[in-house]
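A.B. asks: The chain contents come next:
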Amino acid sequence: MSSARVPGTSSSRRAFLRGSSASIAVLAVGAPLLSACSSGSAGQAATGAKAVELPTFTPLSVAKPDLAGAAAGVEPGYLSFPAKASKTVTKAPGSGARVRALVSTFTPPPPPLAKNDYWQQMNKALGVDMKMEITPAADYPSKFSSVMAGSDIPDLVQAPLFMPLPRLTELLESRFADLSDHLAGDKVADYPNLANLPTYAWRNARIAGRLYGVPVTRPLFAGPLFYRLDLFDKQNLSARPANSDDFTALCKELTAAKSRRWALGSGESSRFNIDYFAQIFGAPRRWAKADDGTLTRDVESEEYISALEYARSLNKAGYFHPDTASMSAVQAKDHFAAGRIAMFADGTAAWRAFYDVYGARTPGLKVGAFLPFAASGGKVQHYLDRGAYSITAIKKSDDKRIRELLGVLNFLAAPFGSREYLLRVYGTEGVGFTRDKEGLPVLTERGKSEQGTPFSYVMSAPSVLFHARYPQWVRDQHEWETKTAPAGVADPTLGLYSETQGRNTDLDKLLSDAAVAVVSGRSPVSSFTATVKRWRQSGGDKIRKELQKELDRA
Amino acid sequence: MSTNTRPVWMEKPTPVGNALKAAVLVAVVAVVVIPFLIVIATSLAGQEELTREGGFVLWPAEPTLDAYRAVLSGGIVSRAVAVSVGITVAGTAISLSATVLTAYGLSRSGSTFHKPLLLIVLITFLFSPGIIPSYLVVKQLGMLDSYASLVLPTAISAFNVVIVRGFFQNIPRELLDSARIDGAGEWRILGRIVLPLSKAVIAVVGLFYAVSYWNSFFSALLYLSDSQKWPLQLVLRTYVLQGSPLAGMEGAATEVLPPQQAVQMAVVVIALVPILCIYPFLQRHFTKGVLTGAIKG
Numbered sequence: 001m002s003s004a005r006v007p008g009t010s011s012s013r014r015a016f017l018r019g020s021s022a023s024i025a026v027l028a029v030g031a032p033l034l035s036a037c038s039s040g041s042a043g044q045a046a047t048g049a050k051a052v053e054l055p056t057f058t059p060l061s062v063a064k065p066d067l068a069g070a071a072a073g074v075e076p077g078y079l080s081f082p083a084k085a086s087k088t089v090t091k092a093p094g095s096g097a098r099v100r101a102l103v104s105t106f107t108p109p110p111p112p113l114a115k116n117d118y119w120q121q122m123n124k125a126l127g128v129d130m131k132m133e134i135t136p137a138a139d140y141p142s143k144f145s146s147v148m149a150g151s152d153i154p155d156l157v158q159a160p161l162f163m164p165l166p167r168l169t170e171l172l173e174s175r176f177a178d179l180s181d182h183l184a185g186d187k188v189a190d191y192p193n194l195a196n197l198p199t200y201a202w203r204n205a206r207i208a209g210r211l212y213g214v215p216v217t218r219p220l221f222a223g224p225l226f227y228r229l230d231l232f233d234k235q236n237l238s239a240r241p242a243n244s245d246d247f248t249a250l251c252k253e254l255t256a257a258k259s260r261r262w263a264l265g266s267g268e269s270s271r272f273n274i275d276y277f278a279q280i281f282g283a284p285r286r287w288a289k290a291d292d293g294t295l296t297r298d299v300e301s302e303e304y305i306s307a308l309e310y311a312r313s314l315n316k317a318g319y320f321h322p323d324t325a326s327m328s329a330v331q332a333k334d335h336f337a338a339g340r341i342a343m344f345a346d347g348t349a350a351w352r353a354f355y356d357v358y359g360a361r362t363p364g365l366k367v368g369a370f371l372p373f374a375a376s377g378g379k380v381q382h383y384l385d386r387g388a389y390s391i392t393a394i395k396k397s398d399d400k401r402i403r404e405l406l407g408v409l410n411f412l413a414a415p416f417g418s419r420e421y422l423l424r425v426y427g428t429e430g431v432g433f434t435r436d437k438e439g440l441p442v443l444t445e446r447g448k449s450e451q452g453t454p455f456s457y458v459m460s461a462p463s464v465l466f467h468a469r470y471p472q473w474v475r476d477q478h479e480w481e482t483k484t485a486p487a488g489v490a491d492p493t494l495g496l497y498s499e500t501q502g503r504n505t506d507l508d509k510l511l512s513d514a515a516v517a518v519v520s521g522r523s524p525v526s527s528f529t530a531t532v533k534r535w536r537q538s539g540g541d542k543i544r545k546e547l548q549k550e551l552d553r554a
Numbered sequence: 001m002s003t004n005t006r007p008v009w010m011e012k013p014t015p016v017g018n019a020l021k022a023a024v025l026v027a028v029v030a031v032v033v034i035p036f037l038i039v040i041a042t043s044l045a046g047q048e049e050l051t052r053e054g055g056f057v058l059w060p061a062e063p064t065l066d067a068y069r070a071v072l073s074g075g076i077v078s079r080a081v082a083v084s085v086g087i088t089v090a091g092t093a094i095s096l097s098a099t100v101l102t103a104y105g106l107s108r109s110g111s112t113f114h115k116p117l118l119l120i121v122l123i124t125f126l127f128s129p130g131i132i133p134s135y136l137v138v139k140q141l142g143m144l145d146s147y148a149s150l151v152l153p154t155a156i157s158a159f160n161v162v163i164v165r166g167f168f169q170n171i172p173r174e175l176l177d178s179a180r181i182d183g184a185g186e187w188r189i190l191g192r193i194v195l196p197l198s199k200a201v202i203a204v205v206g207l208f209y210a211v212s213y214w215n216s217f218f219s220a221l222l223y224l225s226d227s228q229k230w231p232l233q234l235v236l237r238t239y240v241l242q243g244s245p246l247a248g249m250e251g252a253a254t255e256v257l258p259p260q261q262a263v264q265m266a267v268v269v270i271a272l273v274p275i276l277c278i279y280p281f282l283q284r285h286f287t288k289g290v291l292t293g294a295i296k297g
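These protein sequence lines are chains A and B, in that order.
Take the first sequence: its letters are residues 1 to 554, numbered as in this note's numbering.
Take the second sequence: its letters are residues 1 to 297, numbered as in this note's numbering.
It cannot be assumed that every hint is accurate.
[What the hints assert, rightly or not] Straight line, CA to CA, 27 Å or less: simulated BS3-like cross-link-like pairs of lysine-lysine:
1) A:K131 / B:K229
2) A:K124 / B:K229
3) B:K229 / A:K395
4) A:K131 / A:K396
5) A:K50 / A:K64
6) B:K115 / A:K115
7) A:K366 / A:K234
Hints listed in this document are in silico derivations from the structure and should not be mistaken for laboratory results.
What you are looking at is a predicted structure, and each value in this text was computed from that prediction instead of being measured.
Produce the complete structure using the sequences and hints provided.
C.D. replies: Encoded structure:
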């Protein structure tokens with residue numbers, strides 16, 4: 001977490017300590033200030049009204065994939081880059097007006113507009129004068145809160161889904177346009193590229209029963225447990241354990257502490273892969289909905305406790321890399337690439353990233369992913385994620401302006417293989433990218449730095465599997481997704497909003513800290529059950545009640 | 001007291017004592033210097049070596065400038081350095097003048113509105129307004145998205161005002177009175193008598209401000225929307241906080257990326273170098289300035 005420097009203080013230690021605690025405190029205090037700026041309408045949106053229909057999914061086939069995708073979340077795979085790039089948008093959606101977009105970025109800032117060919121070409125193709133207000137992703141919550149407190153809202157705002165926002169529903173209603181009349185059901189047909197966005201992503205855009213934005217899609221499956229296929233082959237090991245005992249035996253084979261090899265390991269934020277173990281022990285994905293409709297949290301289930309005990313036993317046996325409790329994710333990945341960690345849990349996007357970052361330097365690198373298995377050998381499950389990184393909300397404006405902005409988003413969402421996709425992801429030929437001898441686009445140095453212009457965070461296409469240099473990875477991941485899809489288990493409260501959860505960001509930390517303490521051996525398992533009780537009393541039960549109410553309404 | 005017995009610390013040191021002291025000092029120096037060495041060394045290392053060693057090296061076997069090339073290409077960092085230097089220089093100048101004037105006025109107990117002004121300055125010691133009220137004030141003053149928002153809201157720090165005021169109060173009244181008798185006005189007293197005597201404290205406070213401006217990124221984050229105006233720390237933050245280089249990005253053909261750790265360390269080195277260069281020049285003022293206010297009279 002960054003140490004926020006609050007304006008108005010010097011760099012003295014006293015001021016620094018004050019500053020960091022004050023800024024966190026004020027984020028909570030600042031929330032009531034938001035209400036002072038809102039229209040004052042009561043928070044209960046669409047009381048009694050049924051949730052609006054999600055946009056009808058109408059797949060577009062711009063470039064035919066070699067490995068077909070599926071609505072259950074399997075991404076289409078391409079073994080070669082589509083030769084022809086066809087247009088999906090006939091006319092520039094904009095009218096030349098200025099559009100302000102507030103986005104976060106993970107990359108360094110782009111060159112200025114005057115020197116940025118990519119930005120200029122995108123403006124021309126979109127028919128707008130796009131002004132990007134960029135913030136580093138880690139600091140986005142502060143920037144977002146401040147901008148929302150002022151009355152000068154940009155036209156397109158990235159509402160990050162991973163950020164707990166107090167009074168989100170009221171914020172959206174008072175500041176942002178309700179897009180249900182433009183996008184619900186068949187109305188989305190006016191924007192074919194938006195209709196091509198998967199339904200699981202659209203679920204994130206429906207808040208309090210109405211559509212308030214367009215989702216920026218991401219892969220649906222939660223990350224698997226990756227493993228070094230080449231090392232497994234060398235030791236003749238199988239990555240299909242039948243149950244948790246098999247897995248323990250596997251860990252034993254892979255660990256040789258004297259030769260600096262360990263079976264498992266993770267960065268500090270992955271917390272000993274507790275989520276993965278919870279998954280194989282059958283714990284629910286955050287919340288479970290019983291047949292009678294009641295919600296239980298994963299930490300309250302027997303399965304979660306079993307998972308904790310299992311992880312604790314693995315740690316005690318020394319199968320985890322000794323730095324697991326403290327190292328960064330980057331360091332952990334380095335260990336995985338060097339063979340010091342044999343199995344590594346990460347997001348689905350990491351599979352490709354391993355090859356990209358380490359492939360050229362680590363000869364023979366082969367990464368596989370475990371298929372779902374159950375600790376008891378019974379029913380398997382695999383957690384599903386939200387399927388979206390953020391939703392792009394549109395400021396309250398007149399109909400014409402909203403249609404114009406939706407047209408801009410439609411352009412940016414053009415699928416893989418289209419002319420618009422080529423422009424958005426690579427830039428113009430000759431300047432942003434060149435073609436290699438196989439006809440594949442390759443970013444130039446200029447193209448790489450200009451790609452820092454975050455159009456892709458305003459809106460992007462549904463993800464596909466493609467890599468010029470590693471087509472085998474495309475096959476591997478596609479096969480993994482196809483086999484895993486039937487076991488997908490989602491959080492039933494996705495898209496539902498709880499006020500208490502939005503306000504209290506430290507409740508989850510309470511649970512995760514307690515879980516880490518148990519697995520690392522510092523506390524007994526009984527302390528975890530005590531923490532769960534505390535969680536329930538400090539807000540957990542309240543969250544459950546609120547989510548239950550939303551669930552019953554939907 | 002007999003002249004035969006001397007206090008322990010005045011005795012001639014024994015060889016064993018010397019060796020022990022040397023060992024402790026070497027250990028302390030090592031603890032301070034080695035992290036610096038590791039930062040510089042890691043920034044010069046290649047990916048294979050980093051993967052082999054597990055993230056940090058003491059000295060690279062095959063040094064390479066890849067990380068620096070990656071960070072400095074694109075002109076973004078060079079522009080950010082220029083912005084940072086400009087803000088630090090201008091900001092320190094503005095802050096120093098404002099602080100000295102405020103402190104001087106408040107050091108003379110008979111001045112107009114002395115008590116209320118002092119109270120206002122000291123109240124800012126107790127708490128700071130917080131992110132959203134600051135943002136709203138800057139917005140209403142029309143300073144959003146301008147360099148002024150990086151300097152003016154934080155121009156005067158109550159802490160530094162109190163330090164300088166304390167020093168000014170220690171200057172003998174008689175000196176100033178005799179100057180007044182000779183016909184000097186307040187400005188001349190300030191310029192000719194008070195300031196030359198205060199070189200030490202001004203150097204210290206000036207360095208406090210300079211370091212604060214150089215390191216600040218949060219104001220830039222909050223008030224600037226044009227990424228061209230970003231100061232160095234904010235740009236470097238995006239490098240350091242990059243998770244996976246391909247987080248959320250598409251793109252087919254890729255290239256070999258410079259190692260994450262090396263890039264992050266290169267960024268740390270670039271951010272440190274200017275301050276490390278200025279510090280030695282101001283050091284001689286510190287020994288005197290740091291003791292300001294510690295010994296009364």
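A.B. asks: Now look at each hint and say whether the structure bears it out.
C.D. replies: Structure-based check of each hint:
1. A:K131 / B:K229: Since the Cα atoms of K131 (chain A) and K229 (chain B) sit roughly 14 Å apart, the hinted pair holds (cutoff 27 Å).
2. A:K124 / B:K229: Satisfied, since the Cα-Cα distance of roughly 24 Å is no more than 27 Å.
3. B:K229 / A:K395: This hinted pair holds, its Cα atoms lying about 26 Å apart.
4. A:K131 / A:K396: OK: K131 (chain A) and K396 (chain A) at ~18 Å, within 27 Å.
5. A:K50 / A:K64: violated (38 Å)
6. B:K115 / A:K115: violated (54 Å)
7. A:K366 / A:K234: holds (12 Å)
Consistency with the previously given hints fails for numbers 5 and 6, ordered from lowest to highest.
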